[in-house]
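Trainee: The primary structure of each chain is shown beneath.
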Amino acid sequence: MTGLRLHEKKTLMALRMLNGRASVDDVVERSGLAHAAVMRAALTLSERNLVKIHEQKWRVAILNEEGEHYAQYGLPERRLLRALLRLGGEAVVDEAAQEAGLNAGMVPLALGWLRRKNWGVIKGKKCMLTVGTEPSIGVDEKLLATIFEKRSVKVEDLDEDLKRALETLRKRNLVEIEEKVYRELELTEEGWRIAKKGLEITEEVTQLTPELIVSGRWRNVKLTKFDVTAPVSAIYPGKMHPLQQIIQRAREIFLEMGFTEIRGPLVETAFWNFDALFQPQDHPAREMMDTFYLAYPQTGRLPSKRLVEAVAKTHEDGWVTGSKGWRYKWSGEEAKKLVLRTHTTAETIKYLATHRKPPIKVFSVDRVYRNEQVTYKHLAEFHQIEGIIMDKRVTLRDLMGTLKTFYTKFGIEKIEFWPSYFPYTEPSAQAVAYHPKLKRWIELCGMGMFRPEVLAPMGIKYPVLAWGGGLERLAMIELGLDDIRMLYANNVGWLRRTPLCQ
Amino acid sequence: MPVINLRVEKLAKFLGKPLTVEELAKWLPWLGFDLEEVGEDYVKAEYNPNRIDFCSYAGVARALKGFLELETGLPKYYAEPPKITLNIDSAVSNVRPYMLAAVVRDVKLDEDAVVELMEMQEDLHWGVGRNRKKASIGIHNLDAVEPPFTYTAVEPTSVKFVPLGKTEEMTPKEILEKHEKGVAYRHLINWAPKYPLLIDKRGRVLSMPPIINGELTRVDGNTRNLFLDVTGPSFEAVEKSLKVLATALADMGGKLEKVTVHYPDRTLVSPNLEPEKMRLRLSYANKMLGLRLSMDEAVHCLRKCRLDAEAVDKDVLEVAVPPYRVDILHEIDLAEEVAIGYGYYRLEPTTPATVTVGEKHPANKMAEIVRQIMIGLGYLEVMNFTLTNERVHYEFMRLKPKNPVRIANPVSTEYTIMREMLLPGLLKNLAENKHESYPQKLFEVSDVAKINRRQETMCERRLHLAAVTCHSTANYTEIRAVCEALLANMGLTNWQIREAKHPSFLTGRTAALYVGNKQVGVLGEVHPQVLNNFEIENPTAALEIDLEMLLLR
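As you go down the protein sequences, you meet chains H and V in turn.
Position one of the first sequence corresponds to residue 0 (numbering that gives the first Met the number 0), numbered consecutively onward.
Position one of the second sequence corresponds to residue 0 (numbering that gives the first Met the number 0), numbered consecutively onward.
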């Protein structure tokens, strides 16, 4: 018979030796298998109609703790009887108890049963035996010993006397009756046929061990066949956050395109965040409603006086730039205020102020802040993609071409450039992509060429192409999210489930 | 950004040409609008705050006519000579010194037009007036009052009038105390001993700038003749606002009439509708845009944007800018007009010739390496906000409150300070993921902010790493092994682990990490009270390292 596993073979052989029918316990003993292994084998064998499982419910008697104690040391009345015999058949109760080694609690019990079994009487403080020699072992004591020896006794196997004795012991609270399922295994005709022919028993192992490999004993054993389709419990790899993967991808594209990475502070002076970018000090974007200002520390230091003065004059009347300026009184105090940077352009302009020799191509993919209530479509802090090119001859069309390359690498094909407005760029545009699922154009980034009012105070002589846009919006499209907050919820289930992108 | 809701039928009337929703939605973006919503018979579009003249149908139609070449070049505006006089009392010079005015006759305002006028007024208040700080507008029913008008300043309780939308008379003082507009804008005047007031010949109140108009001159569907006033501390902004408003009303069919304005020291005629002349070098425009337009082509582009231009030199155009274009500050703005007139959609993208070699920032290079090691050790990356609050950051961590970088105007109590360490964020993540299977091993490589007076911003960002391992048998040994695996794979050899105390960690199971002679991090078993505070149920071991200390090694 093919397909029988080791435990099943051993079970069949054990049954054969036990004449074809035996209790599970007997099979366990004979086969040397564990109880559970026999039961599992029996179930498989019965499914294959080689073994029949007979199931019967028995009531069995077992000893409790007190019962076990008496089975070992004798019932208290027997111990009292023997003590009295040693003391000459008569003694003061306390003395007899001490001789018997009974503690105070057990004395009344021992005296009661001594009397009931007609072994003795009590007179005053004395106790006298009514028997001259030791009476033989009673049925109750015999039963107690039997149960102790066998651990349990089937109630149905007891004769009438023993059943009465059981009742006595139960009432004395020394035994307990339990229901037990009793299983017998019996070989079917087919089972007999196979077992008679004899089965080759090869040792079977589940886990290959170093010992088996080194000793070469693996040749003599059979490896258990696994159900390779059975489910296993899940494990989770360590991995990069999905948003981080997209940040890294954006960085890679910039690096591929020859841009150098820059990284500036998260807290900036209003000077670099706004003033250096020709954002007038009374501009609505600078109001508390859009920008996080700091309560501590409140103000920072301004750069060189020469630079600050050039920026101030440009704001006020255009300075030497040919611009009309914003026509107001510029305030250094306002420019010293510290803010959580609202864009990474604060970093690019600062970089340009000290790197004025063309060509320059720098980028950052970094954190920015907006004073916004966090909702499904807005975050108070997020990442901005920012890139700039400064060179002797670069044009608005070059900016469009650069962005087209950048976003194509991101997998965004259909892209247009619409006119737009930013205080620090002119001409300005926004790159928009057609979202096939939403069936509308969505903004990718703002872009433009830095205004002369921005460049002149920094001493920059050549055109600067700049663009910047939110990264999370791209991430939402890429990851198919409707709620931007999911990107920062750190839902471990989502992080574990989301496959690596690219 | 401001929004205008354009019904095609009404816009077609302004254009004098039928128009479909599809056509409108196709062209608006090329003029600089963002499409917010395309309906069956309307387009809701956002416009940029620099193009404040897009706040009316008239303004949009003016631009569209040019773009579609129905009517190009400078729109001409004519204003009748002044009949009405406005006197400016010297008393206003200390509170809100400038007022300009205009008269518009024979306007036909339906209910829609009244609403549009109110919206235009609000947009101007915001865009040019900077929320009434620099300029504010009053629009009045001219026929309800009698010129000449006087702009003066009065004692807060010396007069009484019924403010717009009310039925009871109030003094200026009462208006600032009780009226909703008074409460909203009182900071603009309540510091002055006298408040600004515009009155007519008989002393009746037209308005109390910049707070509220009088009920007397309320504009409704029956109003035929308008008196416009603009006040403010910035003459520039006052003039700009009036130009935009007056030209829009002219385009709506009104007849403009000038007003004589007597200042104590001079007399003006308002509004000034003369186009401004600016110069554009063709070579400059071509160089910036990457085009090779001829003079004629550039003129054509500018005319489509409703500007006039003529060649005055070989390479120079003289450009006439209409009075409503308050956004043109510099030659570069004219170059952009050329691009818009040319059509952004016709600008073929090109690849710049600039050749450079890229390089990663050292801090991010290190972050990449650390991430790679932590992922190899089986840790899952999380990303938290740098903004947090003191309760989570200090109280939950059993730390004494410090003085971190603090926001002056937080939008919620959850985000009030910048984090000084990453660990509280990771513990919060563990608390929020109790339903997920264990072990949970998380890490974050990101920024914290620390006060540093040597920096020009008085604080600095520092790159940190934090990691937590959370499961029924997590302990010090485990996190110590992770810490050392990390350091060894970063190529470090000279670190020391020293016994340490930290309120967030269990004493006797806490260590400080030293590199050289500087402490760069802490590791250990998280204190059970901290776990209770976050409601984390499993033992947790953690580490936090300042990576920048390793960078500067």
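No lab work stands behind these hints: they were computed from the structure.
Being a predicted model, the structure only gives us computed values, none of them experimental.
For every residue, glycine included, the Cβ atom is placed at its ideal position computed from N, Cα and C.
Any given hint could be a false lead.
[As the list claims (entries may be wrong)] Just a sample of chain V residues kept apart from chain H, beta carbon distances all over 10 angstroms, derived: (1) ARG50; (2) LEU69; (3) VAL161; (4) LYS172; (5) LYS200; (6) ASN271; (7) ARG370; (8) SER436; (9) ASP446; (10) THR456; (11) ASN531.
[Claimed, not checked] Quick look at which bits of chain V chain H covers, simulated, 3 or more residues with Cβ under 8 angstroms: (12) 129–138; (13) 286–298; (14) 330–343.
[Stated by the list, open to error] Covered, in the sense of this in silico footprint (three residues per stretch, anywhere, with C-beta under 8 angstroms from a C-beta of chain H), are these stretches of chain V: (15) 30–36; (16) 356–365; (17) 376–389; (18) 419–432.
Trainee: For LYS172 (chain V), is the shortest beta carbon distance to chain H beyond 10 angstroms?
Mentor: 28 angstroms, holds
Trainee: Is the nearest CB of chain H more than 10 angstroms from the CB of LEU69 (chain V)?
Mentor: Correct as stated: the minimum Cβ-Cβ distance to chain H is 20 angstroms, above 10 angstroms.
Trainee: Beyond 10 angstroms from every Cβ of chain H: is that where the Cβ of SER436 (chain V) lies?
Mentor: 7 angstroms, violated
Trainee: Taking 10 angstroms as the cut and beta carbons as the points, is ASN531 (chain V) off the interface with chain H?
Mentor: Holds, because the least Cβ-Cβ distance between ASN531 (chain V) and chain H comes to about 21 angstroms, which exceeds 10 angstroms.
Trainee: Confirm or reject the coverage of the region 356–365 of chain V by chain H under the rule of 3 or more residues with a beta carbon closer than 8 angstroms to the chain's beta carbons.
Mentor: holds (count 7)
Trainee: Taking 8 angstroms as the Cβ threshold, is the statement that the region 330–343 of chain V is covered by chain H upheld or broken by the three-residue rule?
Mentor: Since three or more residues must qualify, the claim that chain H covers the region 330–343 of chain V holds, with 8 doing so at under 8 angstroms.
Trainee: Far enough from chain H: is every CB of that chain over 10 angstroms from the CB of ARG370 (chain V)?
Mentor: Label violated. Min Cβ-Cβ 6 angstroms, cutoff 10 angstroms.
Trainee: Given as covered by chain H, does the region 129–138 of chain V meet the bar of three residues or more with CB within less than 8 angstroms?
Mentor: Per the Cβ count (4), the hint holds.
Trainee: Test the statement that VAL161 (chain V) is away from the interface with chain H: the closest C-beta pair must be farther apart than 10 angstroms.
Mentor: 32 angstroms, holds
Trainee: Confirm or reject the coverage of the region 376–389 of chain V by chain H under the rule of 3 or more residues with a beta carbon closer than 8 angstroms to the chain's beta carbons.
Mentor: holds (count 11)
Trainee: Mind verifying the non-interface call on ARG50 (chain V)? Its CB should be farther than 10 angstroms from each CB in chain H.
Mentor: Contrary to the label, ARG50 (chain V) does not stay out of reach of chain H, its closest Cβ about 7 angstroms off (not over 10 angstroms).
Trainee: Determine whether the non-interface label on ASP446 (chain V) survives the test: each CB of chain H must be over 10 angstroms from its CB.
Mentor: Given that some Cβ of chain H is not farther than 10 angstroms from that of ASP446 (chain V), nearest at about 6 angstroms, it is violated.
Of the hints listed earlier, those the structure fails to meet are numbers 1, 7, 8, 9, 10, in rising order.
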